[in-house]
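**Student:** Below are the chains, spelled out letter by letter.
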Amino acid sequence: MKEVAVIGAGMTLFRRHLKETGKELSFMATKMAMEDAGIQKDDIDMVVMGSAPDAFDGIHMKGENLIDGSAATGKPYVRVFNGGGTGVFAPIAGWWHVASGVADVCLVVAEEKMGNVYPHPQTAFRHIWDPVLDRPLNPNLVWLFAMEMNRYMTVHNIKKEDIALVAVKNKRNAVGHPCAQLADPNITVDDVLNSEIMAWPVQRLDVSPPSDGAAALIFCNKDIVHKFTDDPIYVAGTGWSIDSTMWTNRDLYFPRYVAQAAKMAYKKAGIINPPKEIDFAEPYDPFDYKELHHMEGLLLCKKGEAPILTREGVTQRDGDMPICPSGGLLGVGNPIAATMGQKVCELYWQLAGKAGKRQIPGDPRVGVGQAWGDIMQMATVMVLRRG
Amino acid sequence: MEKEKKSWPPYAPGTHVKESDIREKKLTYTWWEPEVQYSWSLGHAMSKFIQGLKTGKIYGIHCKRCKRVIVPPRMFCEYCFGPTDEWVELKDTGVIETFSISYLDPDARRIEEPILVGVVSIDGASPKHGFMHYFGEMTKDEIKIGMKVKAVWKPENEREGSITDIKYFKPLKGGDD
Amino acid sequence: MGFLEKQTDPTTPMHWRGDMQADYFYPSGIAGDKFFRHIMENDTFLATKCSKCNKVLFPPRLYCEDCFEEIQEMDWIEVPSTGTVKLYTVVTINAHGKKLEKPRVIAFIDIDKTNGALLGVIRTNDFNKDFLGTKVKAIFKQKGNREGTLKDILYWE
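Sequence order for the protein chains is L, C and S. Read in our numbering, the first sequence has 62 at position 62, and its numbers run on one by one without any break. Each number in our numbering comes from the position in the second sequence (counting from 1) with 1000 added on. Each number in our numbering comes from the position in the third sequence (counting from 1) with 2000 added on.
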C-alpha cells in the first residue's frame, strides 16, 4: 500500500440556499483546491464524488450530473454515498485510489444542494424511514435524534446546560470561517436553552441547519509529494463501520460503530492511546449532543466524560484537546456530504498551519475527523498526521 | 518550496439567496412536482407481522443460534446471518426505552399540542427489542424512560393491517394485564 | 419455520403502497440565470466561448468542462435562436404508457454558431415527414408572459 498525502483543499460558501447549481458549486470548490495544490485538470488521474441522497438535489443519478463541475469529464470516476458518513467516506475512497496505486493524484469532491427540496429538506428525509414500520406514524427525523439524545442524557445523567456549551463553542469557533452560515460571537448557553423546542430534548439552537455547499480535496502519492510541498500531511489511518438498520433493537447511548471505525483507523495509524496521541479532533456535530456522543465513540475520553471535559474548557481551541476548531456543522453549516470541508479539509488546513483565525495554537501533528450517517448506523474516520 | 501560509479558505465563493428572493422571483428557477408511486413488497416476515397486527397480536421471531426473540421480526438474523426459526406471539405490553416530545410535524412545521413518541421494547422479546410508536394518556411531564406501558388497539373493524392498528401505548397500571 | 416455511397462499406476501412526497425547486445557477433572463427579454440565445479551446458552449456555462477554465464576462456571446435538426423521434405514448391524443415530434437541434444543441418540440401536422437536416427556429411565448424557464420556448418550426 502506498502512503498518501493531502496537497490541497477548497470549499464554497455554505447557506440555506445558494444561487449556483450543483455543478457550479463543485466547480468552485474544485478550482480552489486545485489553486491550493498548484495543479491543473490534466494533473488529476481520477475523481471521487461524494454526495448524499439524490432526493435533496432532486436529480436522479446526480453523481453523473455533477461530473462536469468536478473536473471528471474523460476520467475514471466514481460516486460514493453513505448518508451523513459521506463527508469522510469520500476522502477514504479518494485515499484508497492512491493507496492502491491505481492513481497518483486523486481529486475528491463533495457537493450538496439541500435547498432544492420543498417545503423543507425534512420532506426528503421522510423517505429514510421504513415504509411499513415507521412512515405510517408520520415521523420527523428530529424525533430520532431527540430519542438518542434523551437516552444519552438519561444514562449518564447529563444536564442540557452542559450540552448547550457545545453549540456555544462551535458557533463562536465558526467566526473565523469565511464559509460559515451560523457563526455567532455572542451566543450564550441561555440563548440555546431559551430557543424553540423542536422535539424535546432537541431545541432549535441544538441543531445544525440544512445547507447548500461543496468542498474538494486532493490526494497524491508520497513518491511525488515533494513537487507540491516540503511539509506533507499524510493520511495516517482510515476506518469505517456500519451497524444494523434495526435501530429500535439497539441501545443508543453509545455509538459502538464509531468505536469500531475508530479502532480500525487508530490501528493503521499506530495510535495506542488516543487521548494522549491525538492533538485535536473534528467529530461530526449535526447536533450539539452528537459532538459529545462521538468524542466518546472516538475513544478520546471515557463514556460519560465528554460533557465534563467540555465544561472544563478542555475542548476549546486553546484547550488540551480542541474539538471542532472549524466551528463544526453547528457553526459552519450542514450540507451533508460537503461537510468534508469541516471534517477533513479543516484537519489538513490546521496541520499545514493555514487555518488563519481558526488556527490551533501550539504544534498540532495528529488530527482525527469523523462523520456519521444513515439511521444511527454509519461511522467513517480518518486520521491525518504531519510528517 | 514553502507555500505562502495564507489563511484557507481564502474566500467563500457562492451567492446567497434568501427565501424572500425566491418568493419575489429575483432569480430564475424551474419548479417540478414529481409523481412517483411505490409498491413495496413486504416479504414473509413483515407480511405475517402486519397480518398479526390486524388480528390484535404482536408477533416476534426466534433465532435459536443467537438465543434471541426478535421484534420487528425478520427472515434472517442480521448477527449470525442465518435463517430465523419459529414465530413467537408476544404480549402487547412493554417498557419505554427512550422518547421525545415533538412540537414538529413531518414537514418540520410547528404544532401546538406535542406528540409523544419513542421506542417501546415489547414484553416477551429479548431485552431492548421493540419498535417506534406513539405514547398516549400521559402528559409530557409524566413520560419517563423505564415506564411500563400497554398497547391501545383500534377496534377490530377499523384495523387494516398496519402499525397504526395500535393507536398508542398507555401507562400500564397495576392489574391491567 | 420462518424463512423455510412453504408459501401456499400467493396472497400472503403483501404489498405496501406509498408515494414520494416532495416538490423541487431548481435554481438555474449563475450561468443559467443569465441565459434565462436573456430569453425573457430577447428572441435570441446566449452562449459562452472558452478562450482556451475556442469551443462555443451551449447551453452556456460558467466553465468549460474540458479545459476546466472559468468563462469570463466578455466571453458571453449572442447567437440566433435557430438550428438544424440532427435527430428526431415521433412520440405516440406518454410517460405512463397511455396513448397521446396527438403525436409529438421531439428533436435534438444543433444550435447555429455553437458546438451545442437543445431538445425541443417541433410543431407540425405531418408526422410522416423526414425532419433530418431541417432548419428550424424557436418560437417563443409572448414577451410579457415569459417566466425564465425552458418553457418560454413554445416549440420549434
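Everything labelled a hint here was simulated from the structure, so no lab data went into it. A hint or two may mislead.
Said to hold, decoys possible - Chain S regions said to be covered by chain L (calculated; three or more residues, Cβ under 8 Å):
hint, region
1, 2014-2023
2, 2026-2038
3, 2042-2054
As the list claims (entries may be wrong) - Derived list of chain C stretches under chain S, where covered just means 3 residues or more per stretch with a C-beta under 8 Å from a C-beta of chain S:
hint, region
4, 1024-1035
5, 1038-1051
For clarity, every value in this text was computed on a predicted model and none was experimentally measured. Glycine included, every Cβ here is placed at the ideal spot set by N, Cα and C.
**Student:** Against the structure shown, which of the earlier numbered hints fail to hold, in ascending order?
**Tutor:** Checked against the structure, the only hint that fails is number 3, while the rest are satisfied.
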